[in-house]
Amino acid sequence: MPRHHQGGWIIITSFIIAILLTMLPLPEWAQTSRPEWVTLVLIYWCMALPARVSIGWGWIAGLMLDVTLGNLLGLHALTMAIVAFLTIKLYQRIRVYPPGQQALAILVLVAMSQLLILWILGIIGTTPDSWTYWLPSLSSAIIWPWLFVVMRGVRRHFRVT
Amino acid sequence: MTMDHRYHHLDTVRSALSLIIEPIRHVVNLPFSLVGNVSKNLSSRSTLLSNNEELRVKNLLLQAQLQKYAALQSENMRLRELLDSSFKVGDKVLIAELIRVDLDPFTRRIVINKGSNDDLFAGQPLLDADGIIGQVVQVSPFSSTAMLITDPSHAIPIQLNSTGQRAIATGTGRPGEIELLHIPSNTRLEKNELLVSSGLGGRFPAGYPVARVIRTLKHPGKPYLEVIAKPTAHLQRSREVLVVWPSTGPQPEPIAGGK
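Just so you know, the protein sequences line up as chains A and B, in that order. Numbering follows my numbering, in which position 143 of the first sequence is assigned residue number 143; successive positions increment by one, without gaps. Plus 161 on top of the position in the second sequence (first one is 1) and you've got my numbering.
If you are wondering where the hints come from, they were derived from the structure by calculation, not from laboratory data. Small disclaimer: the values here were computed from a predicted structure and weren't measured. Note that beta-carbon positions come from the ideal geometry of N, C-alpha and C, so glycine has one too. Treat the hints with care, as some may be off.
[Unchecked claim] Chain A is nowhere near these chain B residues, computed Cβ spacing over 10 Å in every case:
(1) V199
(2) S211
(3) A225
(4) L227
(5) E242
(6) D280
(7) D291
(8) N347
(9) N353
(10) G362
(11) P366
(12) P384
(13) Y385
(14) E387
(15) K391
[To be verified] Chain B stretches covered by chain A per the calculated footprint, using a threshold of three residues with CB under 8 Å from any CB of chain A:
(16) 178 to 185
(17) 188 to 195
(18) 259 to 270
(19) 305 to 319
Extracted from the complex, chain B is given alone in its bound form (with noise of 0.2 Å):
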């Protein structure tokens, strides 16, 4: 155990003993995507109509921002080149699905189905279509498990949207909130408050959305609020997450448990 937990020599070790797990979860999981199935293939005709219409509409808004946002990159990418910087946007990113299982309750983690296959490696991040999910913490060859923000032992560094005060958000093992740790009481903090990654580390992207602020509480015995924070994505209702390769700076050494 204290190897596990210390030096992580028995990633092997778990990564093949998770392959003879692995035809089990599918087991638990093929009811889950049975139903998905059959309900996909027996909606209606209308409203796969409207679906599409809605989709279609949708997708000329985001065409029009978009355009407005290559340009917007580019005279970015300009003046950052003007600047030096070795920023670059643009991350290779890949569609993963969650598999249907419950881990131990008191943490928060979840199973995806892909895995060293597909190189994914400990350490990457997780995103759905509003905001950062979690990080991956172990491989195995078809599928691996990540581990939510809202995991006790998970912690991200991440910077107010307004003021660009930097800060530490852990999780709390309750589900949809997080926790931020050491800002000073005399920090204004408005409820709603955006709060972005930060990139510091280098493990998340820079400038993502992670949460919003639903309420702080100020004791007046200690020196710091206590800053309670709720996941912009979300983490109990997504079925597909986005595994992202961050192409800002070195890679970092992947590490298991994210401390």
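Bound-form chain A, shown alone (with noise of 0.2 Å):
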């Protein structure tokens, strides 16, 4: 028998103010170092509710971020959807870790996110040139241990299985 589900709400919110905070208007320097917000949210809520929470969420979470940024349809879609299978295989292991270690994690799988859309760029023609592109996957990976704890405080608080 299927586990009651509640919340579906908060996780809802969560992606809406991580895309927000996509579109915040930062000032020119701090730009190209901007976490991938959405990204962080998804990777946390596939290690906290696996069953739940997956590829499907992935999906359709970058395929609103492809809208909102007005890249090409299905880019982050694509991306995303990978990002939340790879999570939802590694979750036990990078649950354990310690926030060090986990960081460390977080960096590869951003990273790797980076990369996939870094070659689609690349065949449809329009790479960025600078190697400012991939200060996000640093900047994610510093920023995670404390998203991971609001995130978890948030999670227990609203009690979101």
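From these two lone chains plus the hints, build me the complex, please.
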């Protein structure tokens, strides 16, 4: 018998806030090092509730992100689905890591999603030509421990299962 | 993805999805418009008075110039009629405001608050007071996305104002820089040379300023000059943009991407 789910609106709200943070205007120097908020939130929910949030959520969140950023439709949808898949595969290991090691795993996951995006951009011929392209993976890894604590607090407070 | 890139079948899907994103965009924009409103309401009486005075003087000057311009325009039209040319002066315009949201930092795109409800279409040119800004690439009912001329996948046909030589200017992805393609290395190019739109291709109206040359580099082994120019329009600063319905010739097929 399936478990009773609750708190679906909390998950949706967290994704909406992540998209909001992605769009928030930043000064020119900080724009390139903006963390990949939506990817981070997706990884968190995949780790915390792997039975509930997985590839489908990743695909939809990625599609919304594509529309938000004005990218090719499906670019982030594909990479987010792959990130969700990998997180589902790895969550039992990442969950027990200490925060520093968790951040390293996040660095690898986000960098891999960026690499996939870079390949697709390369195929359509609009490759970014600066090394600052890779800064989001670094900033995402740095922000991860704090995000993890906040999201865990939210999940426990609203008893999202 | 291939469908979107090659055939643009998904434009309706995209505009439907962007309706969901629309409220989030407005939430992001809200603090900025609030701050703008508050500072507008709090500006002191003396600033308003001096502003008003300044604008009155400027208006007078512009009116005087306009009289001359009207005479010149009618003379121009008469001469063109004599020459049997189909050129027409006077484009329909609409003022749109920027929505303050950040898009992908490696493309140069903006979101404006007018959409297909105001008859905007993909491929439409955008101007500000000092020159061409870019063109509309995606339209949804209440907002649309526009590509700036500095976007790496944007190209605009231009003409050197002094010699009339034609060229293509593409974006570099860096703010405030565009690059001229295929300029033979024996071309004389002064610094500050003005580049205007040539109107070829039928997408941009002819004769509007686009950029000024800031540096030229000659590579001895290559047949072409490397020419970098700075857009005359204030791409990073303008809050309002003009959307233009060009009246010259038949409308081009609307194609997103501007290739």
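Each hint tested on the structure:
For B:V199, the requirement that its beta carbon stay farther than 10 Å from each beta carbon of chain A is met, with the minimum near 18 Å. Interface exclusion of B:S211 from chain A stands, the closest Cβ pair being 30 Å apart, more than 10 Å. For B:A225, the condition that its CB be more than 10 Å from all CB atoms of chain A holds, with the nearest at approximately 40 Å. At roughly 37 Å from the closest C-beta of chain A, the C-beta of B:L227 stays outside 10 Å, upholding its exclusion from the interface.
A cut-off of 10 Å between C-beta atoms confirms that B:E242 is not in contact with chain A; the least separation is 44 Å. Its beta-carbon lying about 21 Å from the closest one in chain A, B:D280 satisfies the requirement of being farther than 10 Å from that chain. Every beta carbon of chain A lies more than 10 Å from that of B:D291, the smallest distance being close to 20 Å; the non-interface claim holds. Distance check on B:N347: its Cβ is at least 29 Å (rounded) from any Cβ of chain A, clearing the 10 Å threshold; non-interface status holds.
Every beta carbon of chain A lies more than 10 Å from that of B:N353, the smallest distance being close to 25 Å; the non-interface claim holds. With a closest Cβ-Cβ approach of about 20 Å to chain A, B:G362 is found to remain outside the 10 Å limit, as its non-interface label requires. Every CB of chain A is more than 10 Å from the CB of B:P366 (nearest about 25 Å), matching its label as outside the interface. For B:P384, the requirement that its beta carbon stay farther than 10 Å from each beta carbon of chain A is met, with the minimum near 23 Å.
Every Cβ of chain A is farther than 10 Å from the Cβ of B:Y385; the closest lies at roughly 19 Å, confirming the non-interface assignment. For B:E387, the condition that its CB be more than 10 Å from all CB atoms of chain A holds, with the nearest at approximately 15 Å. Every Cβ of chain A is farther than 10 Å from the Cβ of B:K391; the closest lies at roughly 16 Å, confirming the non-interface assignment. Requiring three or more residues with a Cβ within less than 8 Å of a Cβ of chain A, the coverage given for the segment 178 to 185 of chain B holds, as 5 such residues are present.
Coverage of the segment 188 to 195 of chain B by chain A holds. Counting CB-CB distances below 8 Å, 3 residues qualify, and the rule asks for three or more. A stretch counts as covered by a chain when three or more of its residues have a beta carbon under 8 Å from one of that chain; for the segment 259 to 270 of chain B and chain A the count is 9, and the coverage holds. With a threshold of 8 Å between beta carbons, the proposed coverage of the segment 305 to 319 of chain B by chain A holds, since 3 of its residues qualify and at least three are required.
Hint compliance for this structure: every hint is met.
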